[in-house]
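As you go down the protein sequences, you meet chains A and B in turn. Position 12 of the first sequence, counted from 1, bears residue number 12 in the numbering used here, the numbering being contiguous throughout. Position 204 of the second sequence, counted from 1, bears residue number 1204 in the numbering used here, the numbering being contiguous throughout.
Treat the hints with care, as some may be off.
[What the hints assert, rightly or not] Simulated pairs of lysine to any residue, SDA-like, Cα-Cα distance not exceeding 25 Å:
hint	chain 1	residue 1	chain 2	residue 2
1	A	Lys106	B	Val1277
2	B	Lys1133	B	Thr1091
3	A	Lys41	B	Ala1165
4	A	Lys41	B	Leu1151
5	A	Lys106	A	Glu120
Please keep in mind that the hints were generated in silico from the structure rather than gathered at the bench.
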Amino acid sequence: MFEHLDPRSPIPLYEQIAHRLRVAIAAGELAAGAGLPSVRKLATDLRINPATVVQAYRELESEGLVEMRQGSGTFVGEVGAPRRARERATEARRLVRELLASGARKGLSLAELRVAIDAELDGKR
Amino acid sequence: MTSAIEVSGLQYRAGPGFSLTGVSLAVPTGSIYGFLGPNGSGKTTTIRLLLGHLRADAGTIQVLGESVPKNAERVLARIGYVPERPHLYGTLRVEEAIQYHASFYPTWDAGLAAELQRAFRLNGAMVLSRLSKGELGKLMMLLALSQRPELLVLDEPTDGLDPAARREVLSALVEFVAQRTATVFISSHLVHELERICDRVAILDGGRVVSELPIDILKSGMKRLRVAGVPRMLPAPPFTILTRDLEVAGSETWAVQNWQTQHAEWLLENGITLREVIDLDLEEGFVALLQSRAVLAQPASDSSDFARLST
Chain A
1 MFEHLDPRSP IPLYEQIAHR LRVAIAAGEL AAGAGLPSVR KLATDLRINP ATVVQAYREL
61 ESEGLVEMRQ GSGTFVGEVG APRRARERAT EARRLVRELL ASGARKGLSL AELRVAIDAE
121 LDGKR
Chain B
1001 MTSAIEVSGL QYRAGPGFSL TGVSLAVPTG SIYGFLGPNG SGKTTTIRLL LGHLRADAGT
1061 IQVLGESVPK NAERVLARIG YVPERPHLYG TLRVEEAIQY HASFYPTWDA GLAAELQRAF
1121 RLNGAMVLSR LSKGELGKLM MLLALSQRPE LLVLDEPTDG LDPAARREVL SALVEFVAQR
1181 TATVFISSHL VHELERICDR VAILDGGRVV SELPIDILKS GMKRLRVAGV PRMLPAPPFT
1241 ILTRDLEVAG SETWAVQNWQ TQHAEWLLEN GITLREVIDL DLEEGFVALL QSRAVLAQPA
1301 SDSSDFARLS T
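Pulled out of the complex, with its shape left as it was, chain A reads as follows (with noise of 0.2 Å):
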């Protein structure tokens, strides 16, 4: 879940963190009640400052994603089915902004990436 965080990215480190712990709970890949890794443990293994992991945490939990236990742990929250809904609908969005600005960048017309679009569906079906 945490491979290719970029720590020479703009958007700081913690709030890569947190968009990835987002993405995976509004997927139902972290269901309610499953554990984050502990907040040394996810340190020591990104090779990162322990108040980041804390600083990532502590936005989710003001988020209302995860609850945060005085000496146990981290822990999904209980998100009902329309906030899933809303965090992906947000993803999707981002996902879409970063192809638009990728796309202008190489200037690339939005007719053209509507054919790209068209035809890689068309390959799937």
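Based on the hints, put chain B in the right spot on chain A.
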């Protein structure tokens, strides 16, 4: 917030070619603080002043609440220090070096030392002069961590280590600070390494601190701007232009620091078209910062050295 290290107005003249000029630092307790700079910028000299190995010509140093060098001996037992060059006797065996070190520190944690020796796969019977650079680096980290210091001062702790050894050393460091309140002051010219683990960084160049910020703020303010319609007389901008490269007449690429999105309005007011804003990572921003200083203070061989080393 209290400071583990507080340095103000430090002056030190090492010889005709080099001096520290007014170095000031405040390292918050519990932070992982990166001390970044090209080779020869004064990192090791600053560290030796912090530990009382050298005496400053002017300025004050407080480490863990004690005045240095006056009370240095009181504070040294609470600091784990990994020097740039290991200062161990080559004829000792690994286990002897560990025992020798243990005898100096009342806080020594023999369990942690044994655990790290296993994790690092260090053979106790090996003679130090026969250890590889990676093994020696691991041993130095083992010695520093096992004394359970309140402050770790690490001078290029992974310099010359292969990537696998570097990973192990940094993992051990992170695991240590995840379990207790300890402050880490780590110097390096390896930008990516610090980018991962530091809360704050100070950038040293030519004996001066040229930047000192939380890492996320430092990074978010470093951009490359592609601009057009630059007037011949450019008024002072609200951000810092580090470097300016002319593309064609009126079109330029700038490396900037302290950039905020609302600064786009300033460009507009001055008739400048902002074509693109490109994010810089710490290393790119850093090289631009050193280039800008090289232009200010000719000649500057340090920065070109650094650009080469850090890639």
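- Task: Could you tell me which of the hints above the structure violates, numbers in ascending order?
- Result: none
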